Every structure is written in C-alpha cells, then in structure tokens.
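Here's the letter readout for the chains.
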Amino acid sequence: MKLIRTIAVAGLLLAAGFAVPRLCATEIPQAERRSGYTFMSPDTKAIQDDDTANPGMLWVLDGEALWKRKTGTADKACADCHEDARASMKGLAARYPAYDKTLGRPVNLEQRINLCRAQHQQATPLPYESRDLLALTAFVAQQSRGMPITAGADPQLEPFVAKGRDTFMRRQGQLNLGCTNCHNDNWDKHLAGSAVTQALPTGYPLYRLEWQSLGSLQRRLRNCMTGMRTQIYDYGAPELVELELYLMSRAHDMPIETPAVRP
Amino acid sequence: MWLAAAGLTLARAASAQELRPYTITGDSIAESLTGAPGDAVHGRALVLERTSTCILCHSGPFPEEKFQGDLAPSLAGAGSRWSIGQLRLRLVEASRLNPATIMPSYYRVDGLERVGTAWRGKPILTAEQIEDIVAYLATLRD
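These protein sequences, in sequence, are chains A and B.
Just so you know, we're using my numbering here: the first sequence kicks off at 1 and counts up by one.
Just so you know, we're using my numbering here: the second sequence kicks off at 1 and counts up by one.
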C-alpha cells in the first residue's frame, strides 16, 4: 500500500519534471539495516552477550522484584493483575509505543507502566529515568528479547508514525542538522570517535558505558538533540513518543535486545 | 544572480543586529568580517575545541587529537585548495555553495528551526573566531 503510494508520488514528480529519488533514496534498504550492536567493539559486545557481565541485568532483577511488590492505595502489585510476566509480557515491548484508545494517541512503555500505576494501583507516577521506572521497563522489555519488532503496524498509528518521520527528516537547531543527515546518510562514518549507527532502537532501555547507567530511548534522543543544539522536548512529550514510534517502525522485524549495552 | 545573493545578505545582516554585514562575490567573501586579519595560532586552538564542532566531522593535521570525525574531507591542504575569501564563505555559509551540505553555517542566525534557548539569536562562531580559523586554514598547505 505504502509502496504503491510512493510509486504514484514518484510518477507524479517525474511527470512534473523533477528529479525523483533524493527523499526516498536516503532511507536505509531493509537488507542493509544493522543494530547498533554490530558497530561495537568485541569487548563491548561481550558485555552485552553475557548476562552475568551485563550491568543492565541489575535493573532487570530490580524490576522483577518491583513487579511483585504491592503498592499504591489499591495495594496491588503488577503481578496481581498480570501474573507471570514471562507469559503475560512476552512480545509486548516489541509492539510499543502502542495506540491508547482513551488518550487517542500512542504511549510508550514507560507511560503505559505509569498509566497502570495511576488506574489500577492508585499510585503516583514514577518519574522518567528514575531507577524504579527504568527497572520495571527493562524487566517488561526483557520478556520480548529476541522477538521481532512490530511497533507501528497498527493502522491507527499511521499519522503519528508520519509525524515522527517528519521530525527525523527536518533540519533543526543551531547546527541545522536533521537526524537523517547522520543516521540515514552517514551511518558508516564517525562523529569524532563515535560510530554514527543507524538509530535503530532495538535494545532500550539500555546500559550506556558513557552514562554508567541504564537509560531510556528518550534520554538518547535528547542527547542527540542537545548535540544539534535544538530546543529539547520534555520527557514524555508527544513529539518524542512519535519519534520513538517512527524509529521502532524503521526497525520492523529486527529482534529486541533489551537490556542492550552501548558505548 | 550574485547581485541578488548580495541583496539577500544585506537583508539578513539587518535582521540580526549583532552580525556584521558582508558581501559575497562569486564563491567568496573577499573582506575580513572584522576588518582585520585573524590570528592563525588562536585559530588552530579553536578548530580543536569541541564547542567549535569542526573535528566532530573533520580530521586534519592534529596528531595530539585522538578523536577526529570522518563525515567530511580532511582539513589538511585546505589552504592550497581554497583562497582566504573562499574559506571565509565556506565558514560563514557553506550551504550557499552546496545547498544539501551538512556543514553548519557558522555566521548565521535566521532560517533556523527550534534553536535551543542557550544558542538562539547567536551565530555558532563570532566574526573574530571565524577570522582566526580562516587565518589558520590558510596555513594548511600541502
């Protein structure tokens, strides 16, 4: 469907006498997509490969404990409704951000967890990037490890994916760069010492050696936005969720690595 | 065409008070933005400074610097390939020479979207800094 539309648009442009590709040509062909993992040194790969060496597993273990702990005025644990996460949460993170009917827009995994806290546990929301929210998110996402990403497939999400794509393509900030300038056009290059990578969010939340901590995809996006010297979106802003959604849709069918490790 | 371009530059300089006016002739800006030549030694230090952003993308003859980018051509020999005026326009507004370039325009404040408050209304480099860097680049001859 999408392909047909692209071809139709290309045809129109051709008819109008424009040179076509530019826009479409910059996107990474399916077969050339590579996880950030493949850009890492053997030493850093080894940390991700071994659960006993991967510091992200400490958050996963914390998350498992929190999953079973009763909280809020409802005095309920996640496990009281969802039981064994190994069964009930399997594959869930591969579909997030997902459409929320009540809100009429996509929510990411952290927001879903906080919606559950508010609605079913009658507990206060956990702050973004807090140890507990990262731990619960990592624990839930780890249940999808190895499963193919399907986020963005829901047709209701189409306009939000498109908005995320627009943010990705648009030049912004004092340096006047778009995400696409680095991550579609220069992913085989290096920004100072760092491999640029294709910005495929396969392993979040992940442990970054630079952060010495687990961190969310939004933290990473805000880092890149600081580098571009843009006006940075707040955690949880619709624009960031749309960007997450678009990035996940670009990673369609790639396996989840949570908790991944990155340099 | 270059006349029209020069007109645009004047309008731009007027809209941003702190930018000094300059004139583009052909593919260069012949005159110093400050009216004086830059300091090449200071220019080298500026190129290596992270906040100038040059070596995020470029490499060059900087043996002491371990992390240099490869998103752009090496700066080595830039002074043999380009005149001072051409280097100056490249820094002031590289997109004038290649509209699709990823190289930022270092002396420009308008036509930008969502600039963070810390940087809004300011060019990436001052006129003095640009002159120092241009003076340094001109010394890079093969």
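By construction, these hints were calculated from the structure, which means they are not laboratory data.
These numbers were taken from a predicted model, which means no experiment stands behind them.
Just to be clear, a hint being listed does not mean it is correct.
[Unchecked claim] Cross-link-like lysine-lysine pairs, in silico, DSBU-like; alpha carbons within 35 Å at most:
id	chain 1	residue 1	chain 2	residue 2
1	A	K76	A	K101
2	A	K189	A	K68
3	B	K122	A	K189
4	A	K68	A	K45
5	A	K163	A	K189
6	A	K90	B	K122
7	B	K66	A	K163
8	A	K45	A	K76
9	A	K90	A	K76
10	A	K45	B	K122
11	A	K70	A	K101
12	A	K101	A	K189
Task: Non-conforming hints, listed in increasing numerical order - done: Hints 2, 6, 7, 8, 10 and 12 not satisfied by this model.
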